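Peer 1: For the protein sequence lines, the chains are D and R, in the order given. Quick note: the first sequence, position 258, residue 258 per the working numbering, numbers continuous. To convert, count from 1 in the second sequence and add 343; that's the working numbering.
FYI, nobody ran anything at the bench for these hints, they're computed from the structure. Heads up, some of the hints might be wrong.
Said to hold, decoys possible - Straight-line distance between alpha carbons at most 20 Å, and here's what the computed SDA-like set of lysine to any residue pairs gives:
#1 Lys170/D x Lys513/R
#2 Lys513/R x Pro37/D
#3 Lys170/D x Ala373/R
#4 Lys293/D x Thr250/D
#5 Lys636/R x Thr599/R
Only a predicted model underlies this, so the values are computations on that prediction, with no experimental measurement involved.
Protein chains: 2
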Amino acid sequence: MGGENALQALTAWLGEDMKACNQVIMDRMASSVPLIPQVGAYLVSAGGKRLRPLLTLAAARLCGYGGKPGEDRHVRLAACVEFIHTATLLHDDVVDESLLRRGHASANALFGNQASVLVGDFLFSRSFQLMTTDGSLAVMGILANASATIAEGEVLQMTTQNDLSTPVDKYLEVIHGKTAALFAAACRVGVVAASGTPVQEQALERFGEGLGMAFQLVDDALDYVAEQETLGKTVGDDFREGKITLPVLTAWERGTEEDRAFWRRVIERQGAGADATNLDEAAQKRDLHHAMKLIKQTGSIEATLDKARTYADQALAALAQFPESELKSLLAQTLTYTVNRAR
Amino acid sequence: MGGENALQALTAWLGEDMKACNQVIMDRMASSVPLIPQVGAYLVSAGGKRLRPLLTLAAARLCGYGGKPGEDRHVRLAACVEFIHTATLLHDDVVDESLLRRGHASANALFGNQASVLVGDFLFSRSFQLMTTDGSLAVMGILANASATIAEGEVLQMTTQNDLSTPVDKYLEVIHGKTAALFAAACRVGVVAASGTPVQEQALERFGEGLGMAFQLVDDALDYVAEQETLGKTVGDDFREGKITLPVLTAWERGTEEDRAFWRRVIERQGAGADATNLDEAAQKRDLHHAMKLIKQTGSIEATLDKARTYADQALAALAQFPESELKSLLAQTLTYTVNRAR
Chain D
1 MGGENALQAL TAWLGEDMKA CNQVIMDRMA SSVPLIPQVG AYLVSAGGKR
51 LRPLLTLAAA RLCGYGGKPG EDRHVRLAAC VEFIHTATLL HDDVVDESLL
101 RRGHASANAL FGNQASVLVG DFLFSRSFQL MTTDGSLAVM GILANASATI
151 AEGEVLQMTT QNDLSTPVDK YLEVIHGKTA ALFAAACRVG VVAASGTPVQ
201 EQALERFGEG LGMAFQLVDD ALDYVAEQET LGKTVGDDFR EGKITLPVLT
251 AWERGTEEDR AFWRRVIERQ GAGADATNLD EAAQKRDLHH AMKLIKQTGS
301 IEATLDKART YADQALAALA QFPESELKSL LAQTLTYTVN RAR
Chain R
344 MGGENALQAL TAWLGEDMKA CNQVIMDRMA SSVPLIPQVG AYLVSAGGKR
394 LRPLLTLAAA RLCGYGGKPG EDRHVRLAAC VEFIHTATLL HDDVVDESLL
444 RRGHASANAL FGNQASVLVG DFLFSRSFQL MTTDGSLAVM GILANASATI
494 AEGEVLQMTT QNDLSTPVDK YLEVIHGKTA ALFAAACRVG VVAASGTPVQ
544 EQALERFGEG LGMAFQLVDD ALDYVAEQET LGKTVGDDFR EGKITLPVLT
594 AWERGTEEDR AFWRRVIERQ GAGADATNLD EAAQKRDLHH AMKLIKQTGS
644 IEATLDKART YADQALAALA QFPESELKSL LAQTLTYTVN RAR
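Bound-form chain D, shown alone (with noise of 0.2 Å):
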């Protein structure tokens, strides 16, 4: 069901959309300071998904909104919803110091520190000029809102790093503060690009948050699931900086005390000032598959796999406001693809 194609026919059925979305993407990456579009063309030859941008997309479509002339709101305020996101990846780059985004070298190793911190902020505030024309108060609104969300949930993760008596409450709002918001967000906008109704904006925000929710949940279980070495992200980059996931969680709580010394010595460690990069490779190597053979143990995977399930069905029963339609089931089937795409 669904199955690994299910993003590629949203992406197809989406299209046109996706192709006018691009341009604009591209158009308003423009500055007299080259180095701009030079970071700009980087990251989308890069080239992620598009998940979010699609998400305002589908949701203006699913409301009946696009296909007939001056319909382009939709695909405006998709570019603007991208432009956040990137933001927030090249500055994550910086938080994260990651070398990998995407199984390419991420922007700051090939750009440096300075010019992502100062591309994002320039891809920000792009955002709300884009908004501006858009002019929108409800939009500006909407993604202010989930602008400074994600910016809290990133900075409630910092603090959250390393510390093992982080309560499964507070993992969950880190990753709906970096994640779920914006896909919420994103769905929103979609519906407030074609004048939907109350309900509608309602449905399809909550249909983006249990998406975002699942396929942050998802993701961190790939980051201890080997098979997964071709996906582009890293194995163990988590684990590597000591990010508290829901994995981790459930197999220091489900874990005997030899397991916990374990947990304490490789997740506290970078907490403590000794980071993982102190150790040589192959300890460093041994200390991951241990680790990832204990969060097998324990049945972590698939406890984490259960927790995305639960919001994906939450997400699934948002869509029940909309009439059968292929779109609608391109987004039912995107959700089984999110859940699926670990095993």
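Chain D is already provided as a structure; the job is to place chain R on it using the hints.
Peer 2: Same frame as chain D, but now just chain R:
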């Protein structure tokens, strides 16, 4: 004339408004994530001159707005301007790796780069949230444009770093972006808050722009004026970073072949990867003192201050639109103070 107290006098004249503005800043810094108000409180207590929000308040008052019940738009917009400024300061410190700001430990020295990037993003988002509650698309446009211009200016500055062949025009574009754009926007949104005329908007925008250019030129001069060590900013910061400023460009242009060899060695060395931190402290001090000597010898401080005075004159001319008043006179004196603080 004007003298050292002009800025304090302006701040006093706008005392009630500034108090209300500080309250909005404190209220809006609130977040369920404790680190955010912590960084915020630190920034507020580190206490800048709050020049930019003062400009918004003064512009609104000059257009007859403020003081009557319910007239608080200018206060809210002044807080928006200060949030944008604070966000860029936080990001600048990351970019510059500054340890000192206004003589205090910078936020990134105290809280780390991660917190600086993310709290900066938060404040930026808060600013747009606050604009949304104000509800003026004109204000959104002005401040979104200013934000994009600031980021462009900072990126441009980055690309001119260590490059002695930077044309003066490009340097002026940098300081327009990084400083004058927000001064201009701060004034302009004050006029919008007051529902001023387009002529008033343009006049006060020009005033802010001229003041901002003069302000940054003087700041760049002060980095090479030893007697200013007490002012908070560390003398020689720009020098150590290989920042291209008018004093350096002038001294380079007017220098002998021997002088130029010196400038190449000290300004371009960071670009070659061998940054100043590799030199011992004594050698660094010797280089800075030699740079200051050459800058003095070639009249480069005077040349920079002359340029600042030209912009200050333009700013003064823009005030001619407005009838004589105590506030207008205080703004004129602030200009004088700005260009004279280097003496």
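Peer 1: For every hint, state whether the structure bears it out.
Peer 2: For each hint, the structure was consulted:
1. Lys170/D x Lys513/R: 48 Å, violated
2. Lys513/R x Pro37/D: Holds. Lys513/R to Pro37/D sits at ~18 Å (cutoff 20 Å).
3. Lys170/D x Ala373/R: 18 Å, holds
4. Lys293/D x Thr250/D: Holds. Lys293/D to Thr250/D sits at ~13 Å (cutoff 20 Å).
5. Lys636/R x Thr599/R: Distance of about 13 Å is within 20 Å: holds.
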